[in-house]
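Enquirer: Residues per chain are reported as follows:
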Amino acid sequence: MAEAATTPRWTWLRLARVAAVTLAALVVTDLALAPVERRLDARMADGALRNAPGIAAADGSRRMMFDAPEEVRRGAVGIAGSSISYGAGVADDESIPAQTAVRLRRAGDRRAVFNLSQAGGGPRDVIPVAAAMGTRPLRMLMVEFQPANFVRGLPYTPDEVGQDELPLLLAANEEQRRLLARAGMLPGFPRRVEDALAAVATRSWRAYRIRGHLWVDDQFQPMHVAWTLRRAAASAGVLPARFRGQSTNVGRLPWRIAYRGQQVPSALQRMIVPTTEVGDVAYRPLTLLAGLARAAHVPLVFYESPLNYSFQREFRMMSEEEIGRLAVARARLFARMRADGMVVLEAPLMPDDGYLDRAHLTPLGCQVVADHLARYLLTAAP
Amino acid sequence: MNLLSWTFLAFSAGSVALYWAMPSPRLRQAALAGVTVGWFAFGVWWHALVAVAMATTTWLLGRWMLSRPEERRGPVLAVGVAALVGYFVLFRYLALWTGFDPAAGTGLRWWTPNPLLAPLGLSFMMFEGIAHLADLYLGRSEATGSWWSHVVFALFFPTRVIGPMRRYEDFTEQVNATTRLDPDDVAWAARRVLWGVAKKALVANPLGAFALFNLQPGLLAGGSRALVLAGAATYWVYLYFDLSGYSDIVIGLSRLFGVRVPENFQRPYLAVNISDYWQRWHISLSAWVRDYVFNPLAIRWRGWAYGAPMASFSSMVILGLWHGLELKYLIFGVWHGLLLASYQVYRQLFAKKPLGKRLAKSKAWSLAGWCFVVVNAVLSHMLFAVPTAEAWWQWVKR
Chain V
1 MAEAATTPRW
11 TWLRLARVAA
21 VTLAALVVTD
31 LALAPVERRL
41 DARMADGALR
51 NAPGIAAADG
61 SRRMMFDAPE
71 EVRRGAVGIA
81 GSSISYGAGV
91 ADDESIPAQT
101 AVRLRRAGDR
111 RAVFNLSQAG
121 GGPRDVIPVA
131 AAMGTRPLRM
141 LMVEFQPANF
151 VRGLPYTPDE
161 VGQDELPLLL
171 AANEEQRRLL
181 ARAGMLPGFP
191 RRVEDALAAV
201 ATRSWRAYRI
211 RGHLWVDDQF
221 QPMHVAWTLR
231 RAAASAGVLP
241 ARFRGQSTNV
251 GRLPWRIAYR
261 GQQVPSALQR
271 MIVPTTEVGD
281 VAYRPLTLLA
291 GLARAAHVPL
301 VFYESPLNYS
311 FQREFRMMSE
321 EEIGRLAVAR
331 ARLFARMRAD
341 GMVVLEAPLM
351 PDDGYLDRAH
361 LTPLGCQVVA
371 DHLARYLLTA
381 AP
Chain F
1 MNLLSWTFLA
11 FSAGSVALYW
21 AMPSPRLRQA
31 ALAGVTVGWF
41 AFGVWWHALV
51 AVAMATTTWL
61 LGRWMLSRPE
71 ERRGPVLAVG
81 VAALVGYFVL
91 FRYLALWTGF
101 DPAAGTGLRW
111 WTPNPLLAPL
121 GLSFMMFEGI
131 AHLADLYLGR
141 SEATGSWWSH
151 VVFALFFPTR
161 VIGPMRRYED
171 FTEQVNATTR
181 LDPDDVAWAA
191 RRVLWGVAKK
201 ALVANPLGAF
211 ALFNLQPGLL
221 AGGSRALVLA
231 GAATYWVYLY
241 FDLSGYSDIV
251 IGLSRLFGVR
261 VPENFQRPYL
271 AVNISDYWQR
281 WHISLSAWVR
291 DYVFNPLAIR
301 WRGWAYGAPM
311 ASFSSMVILG
321 LWHGLELKYL
331 IFGVWHGLLL
341 ASYQVYRQLF
351 AKKPLGKRLA
361 KSKAWSLAGW
371 CFVVVNAVLS
381 HMLFAVPTAE
391 AWWQWVKR
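Chains V and F supply the protein sequences, listed in that same order. When we follow the numbering used here, the leftmost residue of the first sequence carries the number 1, and every step to the right adds one. When we follow the numbering used here, the leftmost residue of the second sequence carries the number 1, and every step to the right adds one.
Since the hints were derived computationally from the structure, they do not count as laboratory data. Glycine included, every Cβ here is placed at the ideal spot set by N, Cα and C. Check the hints yourself; a few may be wrong.
Chain V side only, calculated, beta carbon under 10 Å to chain F, not exhaustive [unchecked claim]: (1) L13; (2) R14; (3) A198.
Computed spacing ranges between beta-carbons, pair by pair [claimed, not checked]: (4) V/P274 - F/E326: 21 to 31 Å; (5) F/G34 - V/V28: 35 to 45 Å; (6) V/R192 - F/L27: 20 to 30 Å; (7) V/E175 - F/A13: 32 to 42 Å.
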């Protein structure tokens with residue numbers, strides 16, 4: 001009797017039953033997610049579907065480069081860049097790509113616009129997207145860049161290919177593969193095995209395919225929650241009033257309103273400009289991007305993101321010497337890019353309330369940049 | 001290969017299936033070694049050769065030691081420690097000491113391995129090898145086993161990334177003795193792995209994002225002190241869920257191969273004194289340091305009143321430096337060394353007196369001890385998150 005009361009031993013049959021029930025639960029969950037995926041698909045072509053923040057950096061890129069119908073993709077403009085183009089701090093339909101799509105539609109141009117940007121990204125992170133254009137060409141790729149990030153003497157982080165970037169890199173055409181191999185970015189056999197496994201999971205499991213939008217959705221990030229709570233606590237009088245403002249780009253207030261009173265911007269908002277030279281290591285991704293786009297026969301345009309010098313001066317984030325150095329480095333970068341045959345759009349003039357902080361934009365700021373890009377697409381683009 | 005990736009899941013499932021499909025222990029071990037070479041190939045394939053080289057070195061030195069009389073084995077142990085530490089220095093530090101700048105990616109000499117690509121689990125392999133040689137020297141082990149058993153021990157992929165540290169004798173005995181996969185073990189392992197994944201993905205990752213954001217150099221230098229402190233506290237919690245989550249995955253996966261690896265964490269947040277804390281936190285590492293540094297030193301200095309506290313201090317300095325030859329890890333080691341040494345002095349001088357005994361039973365005293373452990377753990381583990389000791393010191397001084 002005493003033995004019967006103890007926990008029953010596991011048998012292979014019992015394990016198989018548990019596995020079957022688990023599998024059935026996964027299938028039901030997956031079927032229930034079908035409407036969510038349909039909604040995401042609907043936002044894909046109007047610039048309002050973004051890469052999932054936090055994880056799966058290239059998740060949205062992959063969906064748009066691989067899942068969009070071919071006729072939509074071939075006519076689409078891809079806009080790729082950092083959190084500025086991604087739309088950190090603004091709503092999905094207020095981002096630069098979404099607003100560009102609105103402007104094109106207003107002018108009677110129905111081409112799709114894909115938001116291929118990612119928070120924390122830069123031109124280097126666009127390389128997998130440019131590689132995927134080898135077999136999944138777009139009509140045009142527009143890549144955001146900020147000259148201050150190309151100054152020599154800034155810390156350099158070695159390139160790493162993320163698992164979500166693999167399918168994009170492996171979609172490169174032959175000529176692109178040669179360029180990627182020369183840059184040391186073509187994954188070897190084990191990474192291809194990894195990609196194959198991820199591809200199986202992506203094809204067969206909806207929850208995995210859209211995990212970025214389920215797990216860490218556009219509005220749910222730990223930092224976002226932390227700052228929202230902090231602001232709420234300040235408004236309720238629990239924290240000092242200075243916490244009512246914002247210290248990141250997650251809010252939606254123009255910077256002069258957000259940073260009033262005792263609110264001081266984070267030290268991370270400081271732009272460091274150690275020299276007037278363009279760094280060769282930092283410049284390399286631009287050359288590779290240009291080569292990859294040429295090899296895919298897709299026009300590539302680099303557009304400069306605006307920088308809030310008033311903010312930098314107001315909070316003494318940059319010295320006048322640094323601002324002077326940046327002006328020289330910027331001119332040198334533009335000259336070098338143009339000499340290398342790249343098409344470069346200078347940043348538009350930005351009104352003061354177009355900025356959330358040192359560089360992130362309010363909805364108005366996104367509209368200004370979108371106007372700038374749409375004008376180029378409607379008048380000058382090939 | 002990320003322990004939370006589909007690749008790792010599929011690879012592990014395939015490896016377990018292949019392992020148990022083999023008809024004999026010898027073939028199972030060959031399969032295990034083979035899949036680990038494949039596992040290394042997902043990163044840098046020749047790192048498997050480094051593991052084999054370290055295993056071979058340990059085995060050769062073990063044989064050499066056993067061929068000598070007991071009183072003349074000391075020099076062999078010294079050579080063994082130097083050789084295994086040599087591997088570690090070669091792959092992890094030589095380039096840094098000869099001008100390589102990891103931030104800029106420049107200055108790497110052709111004759112130095114890139115430390116950014118150092119073999120996974122190098123420090124674990126070094127400590128496990130030293131432990132085996134020390135066991136032979138101290139007479140805890142009487143045989144060094146075959147070359148093949150050392151290779152299989154070194155090439156056990158589940159513990160290569162994050163430990164826990166194992167002992168050669170325990171591992172080899174289990175690998176040779178286990179003949180079939182028990183469904184109880186499968187159920188236990190599945191629960192443990194799922195628990196580990198949940199700890200890592202649901203708790204550690206969000207906490208880590210918050211903590212590491214608030215501990216960036218710019219914020220240490222000029223951000224809100226309170227937020228940095230919140231980041232430090234969160235980082236300590238994150239470290240537990242991250243490391244113990246990974247340990248759970250490893251312990252569960254190892255069980256599927258019929259191997260029981262040591263536990264690494266035992267509810268460290270309940271520790272009421274610093275000695276208790278180190279018996280609950282990163283147990284396999286602290287046990288190694290206790291067995292192979294503290295005990296020999298304490299025995300050697302047993303005639304000296306402060307021998308045990310000094311042995312504790314020296315042990316913690318080594319434990320700190322195990323994380324890396326950097327000032328911040330030295331500070332961590334010295335810090336905890338001083339805490340442990342002070343605790344031992346307290347025990348020697350005070351704990352056995354009537355008041356000490358009364359206090360030991362008091363809940364308020366335990367609560368005070370718990371607070372003391374938390375404050376010290378939060379502030380010292382913060383050193384792991386900051387880029388340099390100087391950045392941390394700047395924040396402390398503000």
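Enquirer: Sort out which numbered hints this structure fails and list those numbers smallest first.
Expert: none
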